[in-house]
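Same order as they appear, the protein sequences are chains A and B.
Each step along the first sequence adds one to the number in our numbering, with nothing skipped, and position 326 is 555.
Each step along the second sequence adds one to the number in our numbering, with nothing skipped, and position 431 is 660.
Hints in this document: simulated from the structure, not taken from any laboratory.
These numbers come from a predicted model, not from an experiment.
One or more hints might be untrue.
Copies of one chain are not kept apart here, so a pair can be met inside one copy or by any two copies together.
Derived SDA-like pairs (lysine to any residue); straight-line CA-CA distance at most 20 Å [as the list claims (entries may be wrong)]:
#, residue 1, residue 2
1, K244, I420
2, K244, D413
3, K240, E404
4, K654, R642
5, K240, H479
6, K235, P442
7, K235, G440
8, K338, Q328
9, K240, C402
10, K240, R877
11, K235, I420
12, K244, P414
13, K873, V237
14, K873, P927
Protein chains: 2
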Amino acid sequence: MANNRKDVLAKVTGKALYANDIRLPGMVYAKVVRSTIPSGRIVSIDTSEAEAMPGVLRVFTAADVPGITNQPTDRPVLCWDRVRYIGDGVALVAAETNQQAAEAAKRVKVTYEELPALLDPEHALDEDAVLVHDSGNMICRWKTQRGDVEAGFAQSKYIMERDYVTPRVQHVCIETEVAVANYDPFTGETIVQCPVNSPFVIRKVVSETLGCPQTDVRVQLATIGASFGGKNYDIAMASSRAALVSYHLHRPCKVVLTREESIMEGTKRHPIHAHYKVGFDDEGRLLAMQVRILLDGGAYKSKTFPVTTRMAIEAAGPYRVENIDTISTSVFTNNVYSDALRGFGSPQVDFCSESLMDEIAAHLGMDPLELRKRNMLREGDQSVFGQTMKNVTLEDCVSAMEEVVQIEDRRARIAAYNAAHTHTKKGLGFALLHRGESFGAAGQGIDTASGMIAVQPDGSVTIASSIAEVGQGGTTMVVNVVHETLGIPREKIKVNRVDTGYLTDAGPTVATRGTVFSGGAVWKAALSVREKLAGYAEKRLGTRDVTFANNEVYENSNWKNRVPLQTLIDDAFNNSDHLNSLGYFAAPPFNYDRNTGVGDAYLSWVYGAAAAEVTVDLCTGAVSVDDYIAVHDVGHALDIEEVKGQIRGGVAMGIGYALTEEVDLSQGRIRNLNLESYIVPTALDVPDQIQAIALEIPSAIGPLGAKGLGEPATCNVAPAIINAIDNACGKRVRDLPADLEHIVLGHGMKKS
Amino acid sequence: MANNRKDVLAKVTGKALYANDIRLPGMVYAKVVRSTIPSGRIVSIDTSEAEAMPGVLRVFTAADVPGITNQPTDRPVLCWDRVRYIGDGVALVAAETNQQAAEAAKRVKVTYEELPALLDPEHALDEDAVLVHDSGNMICRWKTQRGDVEAGFAQSKYIMERDYVTPRVQHVCIETEVAVANYDPFTGETIVQCPVNSPFVIRKVVSETLGCPQTDVRVQLATIGASFGGKNYDIAMASSRAALVSYHLHRPCKVVLTREESIMEGTKRHPIHAHYKVGFDDEGRLLAMQVRILLDGGAYKSKTFPVTTRMAIEAAGPYRVENIDTISTSVFTNNVYSDALRGFGSPQVDFCSESLMDEIAAHLGMDPLELRKRNMLREGDQSVFGQTMKNVTLEDCVSAMEEVVQIEDRRARIAAYNAAHTHTKKGLGFALLHRGESFGAAGQGIDTASGMIAVQPDGSVTIASSIAEVGQGGTTMVVNVVHETLGIPREKIKVNRVDTGYLTDAGPTVATRGTVFSGGAVWKAALSVREKLAGYAEKRLGTRDVTFANNEVYENSNWKNRVPLQTLIDDAFNNSDHLNSLGYFAAPPFNYDRNTGVGDAYLSWVYGAAAAEVTVDLCTGAVSVDDYIAVHDVGHALDIEEVKGQIRGGVAMGIGYALTEEVDLSQGRIRNLNLESYIVPTALDVPDQIQAIALEIPSAIGPLGAKGLGEPATCNVAPAIINAIDNACGKRVRDLPADLEHIVLGHGMKKS
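Bound conformation, chain A alone:
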């Protein structure tokens, strides 16, 4: 099947130029000297030996930063005096080669006064806790409240309490962090080329580092080797450091991290500890729920705020609960800092809520899917946060999933297998999904996007958008938006890489907002051009009631009344008109009360349903995912192959979260600093066939009815697998990952 992605050829042939492939004349390299302790004060930095090394140009410290090293509680480009985790940057060595910089970095001698470290988030808010930042250890606390929880529990026949724990995992982009900066002393302009999900954040941080207006820094997106929520703060560090060196040396500078450096200093998905208390009756009706979630934010704040809030909002899953009381709390520690990782908090709470549903069903002896159907949100229901849910398509997703899974037949086949096998057992698990699109009411920062299109005299089109392509296909998405709106062939549509020199900030490519926001802005621009062309069509066809397709425009009720699109484009240009339009998409104002935790939490919601069939080896603890059925309502598939690719990639990532991935952190030090010990799924760990099913129930908001998919694709994978494991062998895993020891030794036993 033809693939519409324009970057495919270069990527599959290995010819794509990534940021680390960039070589500029006179370019130097810089390496970071990192803190070796989780908490302390820098007493002195002796750079003399390093500066005497071959090729070394200069060693920089925080005193060399012309602007500011950081905003309060943000990670500093270089630490002034205090280090807060093992990985904090203390000095920066610039040399002619990367190897020379690395060698010299080892010779920089830093003397610390060690301070007590706060490593356990459970004690972060104790009265006598060590303060990670002077402003206190609380990052934020968010609640969702509805009804009367105590009354709800009082009415409940059954009350169940469970603790769920999720691990610290990492983005593991194939490409590590890298940035090239080039400061021009004659214009004061710094050009940064880097792979990033939020070019404007890089611009802001670099301009703060250099102490210049934001527009003196121009960030140009490089080809990116994935993001998954990373390639943000860590790229800001790499970029600011490269810019700092370039600023002082008047030569371009590259900073590129090894895998070890990337794992040591880079953000991780927030590990959480959640306590659920749920009251229910014999029919499985959820009468009350109390949830307490604690997130370890690590040493700096990053996007912990919106992650914390999303967890409070989504903790109960896509279900009706009349009485609820959820509090989500995030704290600073002297551990490696946390950030969003494909899910912005959802994968953690989806694991909890979907595990809990299976546990309730087991308690009642009820089919777990039946329990979900009895409680799941339907059109017009009030959510736990008091939003009247519209366009709820969860039921459609469940039906589509059931149709593919053929549950009764499959259960019979599994039962037969299990009867015939002693050491291996098969199981089937389910997990539903709801997820708020974009930042929502709890969001911080820009939740808007602009997009521009320009139809050229020959009928080709340029598109500019400020939302970064992070490998997910955002470029193909906007091409398709214009293609479908104007009927112009894809091969005549070109998308510019994001360059902060043009449009304004559209926020990062996270939170499943790319399609809705970037696509939405470009769609508005395309609609405005179509409106103008429709005016020219009216002069030629006598009607505006027309369709744009296949480079033609024809009357809807008489397709023989038609005109080539190029004729209308010529008409416009001959009339001194332009076909250049700037579209803007903003989230509508939210009706949400932060104090009560009640209101319309997200712009819109997406839904999904999944089933996993697994085989568990009872001797080794090995779990094999044999079949995976993922249904997602994508609203409108702008590119069906891209949609399926997103789903398959999300499932692969979810398998890692379920079964193998965990950063092994001890006393603030990561022990598995490379991929031989931090285990991500390989092709062999992923089912041969992942059944990716896209429902297309149009959104009222997104471009051409499209909905977001990036994060939903992975959010409910782990609980489906965990539920299948339990179904196979009766092992209920409440702390991820369900690795070999876990399966063999049981819950909680694997923890040191």
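Could you slot chain B onto chain A? The hints should help.
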């Protein structure tokens, strides 16, 4: 005085990176093999010896062009079979180094069948004339007609007939033509970096050469070492040739011309022969005028059409003539081809009309300035093309000029000098100026512009415009437009280099259209942002009646009621609003009848007046310009230093046109191929002081009232000097330049 130009530091220190400074990894070089005869057929091309030379990669001919070599009567990237002037490209040699390519180019053996050449434009339309192009030798003919010329002549007491001849001169940019192209076989995209006045023309020609959509070619403006109307078709050739090599070799390619190559192949200002017949009475009233102008367009058409039409419209000068009949005709010849050169035809006809005014005055014994005042256009007058002239500021310009010149005192001083000197004589000359802005009714191509601004969260601003900075200060101009409109300091405003990947075509930076069009589009964008910010101001100040200045907004009637601009910017972003706007400026529809030559010829008109004081050495023929007073109504000086710089540069260029410059063409071959024989003024040839006076009578059209100045600055310089020479020593020069031989030997004697 502080200079607001942002490129000044890099340029004066020699650090600015021009296109020839660009080095890309793996870059190859290409040299053109040019026709050695003015007209002929290519019989064969033997590349074997060249291809065996060291470093040579391949020799290309027209057969290697994947798209088309040219549009009809446009210059071909490489000639198929027919060559039409000495300089036409026949083959292209690609090698590892520029020197290797140049050496090998000499070894390519081209066998021609010579054809008769048409070298004299006076015979181009003879019935038996050799055809330069099969479609005929006429490029275009344009007329301006009003009243009854025969009746006018019948009423006239005096009838005078004069022939004026202007030379072929060249742009002589310090930087010769250069382009770097990089074709990416994986994306099909070609990036061209070049110094050019019309990036979108380059894109069009390169895409035609490669046979791809326009958006597969991205042209990025390099720092430019001047244009003056050049850096257009010649850059299209360099770019297409570089792209052709890159397309085939999959390596970046640079084409850079030596000065000799640049002079040999590059466009020149159209040489003309004009015949004027004028009828007038004792009061100096102009009763009838008949003008016939012949332009030598050379071998290809370039922008000869709009140049021909402008000459017909402006031929009579800024004067009332009731009865007129002007025909302007341009023809193809086998000479080097012609194009606009800072004036688009105006310098030629301004020389004619302003010389004629002095000749009439001399005939009547009238003061030449008095004659002009009696005839010059005033508010509400009908022009010779029937346009009712509004906002005519010629009288203001003349008054301002008289005030500075102090005519009576100066004449007394000159008379005293002349009485005291035998071999040197001083004289004073005048020339008035009117000039239509932009392409006008006769224009071809895009006469519109779009411009975008984006105010960033920290109050800095980016500007994107599609009109190229050609060294004239267009960048500073748009910065000032935004600065004055929004009250944001200049140092926080950044302008992107033109990149065809963003906005649509805004036409070339020619015809004095940069400020009005690009500035106008950016102004509209800025006004739209100001309107939005005024809304936020109203919420805080209680009124929209506010001024934006110095990063603040205050109530017009109570300046103490004020708010920092940053507060309003914060308000906008906090409200999910954007401060990103796309402005569009188009010339209004013209009411002009091409058949009768009557109507509103140009969007708007600018005016000026000049006086030159010269000393003529009667023995050597040397003319020294001692003082030059140039008055221009610029509407609103967006940057007074830039305005004065434009005027001074224009005067220097006019001195060359008046006194020294002429391409010495014989049998289609240029004999003065370098600057030791083609003489441009040096610093020593320019008066120490050029008195540049800018009147500011606001335009109703341009941004903040600004008017264009680029070409007017040079258009009336030559006649002011020529009139001063006549005033000094009675030598009436009717064919430029007034070089040494001319002054000593007299009119017509210097021609071979």
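If the cutoff is 20 Å on CA atoms, where do K235 and I420 land: within, between, both or neither? Let me know, please. between (25 Å within a copy, 16 Å between copies)
When no copy is named, should K244 and D413 be tagged within, between, both, or neither for a Cα gap of at most 20 Å? between (29 Å within a copy, 10 Å between copies)
20 Å Cα threshold - placement of I420 relative to K244: between (23 Å within a copy, 17 Å between copies)
How would you classify K240 and R877 at a CA-CA limit of 20 Å: within, between, both, or neither? within (19 Å within a copy, 54 Å between copies)
Given a CA cutoff of 20 Å, do K873 and P927 count as a within-copy pair, a between-copy pair, both, or neither? Within. Shortest intra-copy distance 18 Å satisfies the 20 Å Cα cut-off; inter-copy 61 Å does not.
Indicate which option fits the pair K235, G440 if close means a Cα-Cα distance not exceeding 20 Å: within, between, both or neither. between (38 Å within a copy, 18 Å between copies)
Under a CA distance limit of 20 Å, which applies to K873 and V237: within one copy, between copies, both, or neither? within (16 Å within a copy, 53 Å between copies)
Between copies, within a copy, both or neither: which fits K338 and Q328 at Cα up to 20 Å? within (18 Å within a copy, 52 Å between copies)
At most 20 Å between CA atoms: does that hold for K654 and R642 within a copy, between copies, both, or neither? Only inside one copy: K654 and R642 sit 12 Å apart there, 115 Å across copies, limit 20 Å.
For K240 and C402, with the copy left unspecified, which applies at a CA distance of at most 20 Å: within, between, both, or neither? Result: close within a single copy only, 15 Å intra versus 43 Å inter.
Is it within, between, both, or neither for K240 and H479, if the alpha carbons may be no more than 20 Å apart? between (33 Å within a copy, 17 Å between copies)
Classify it for me, K244 with P414: is the Cα-Cα distance of at most 20 Å met within a copy, between copies, both or neither? between (33 Å within a copy, 10 Å between copies)
Figure legend: structure checked against the earlier numbered hints; every hint is met.
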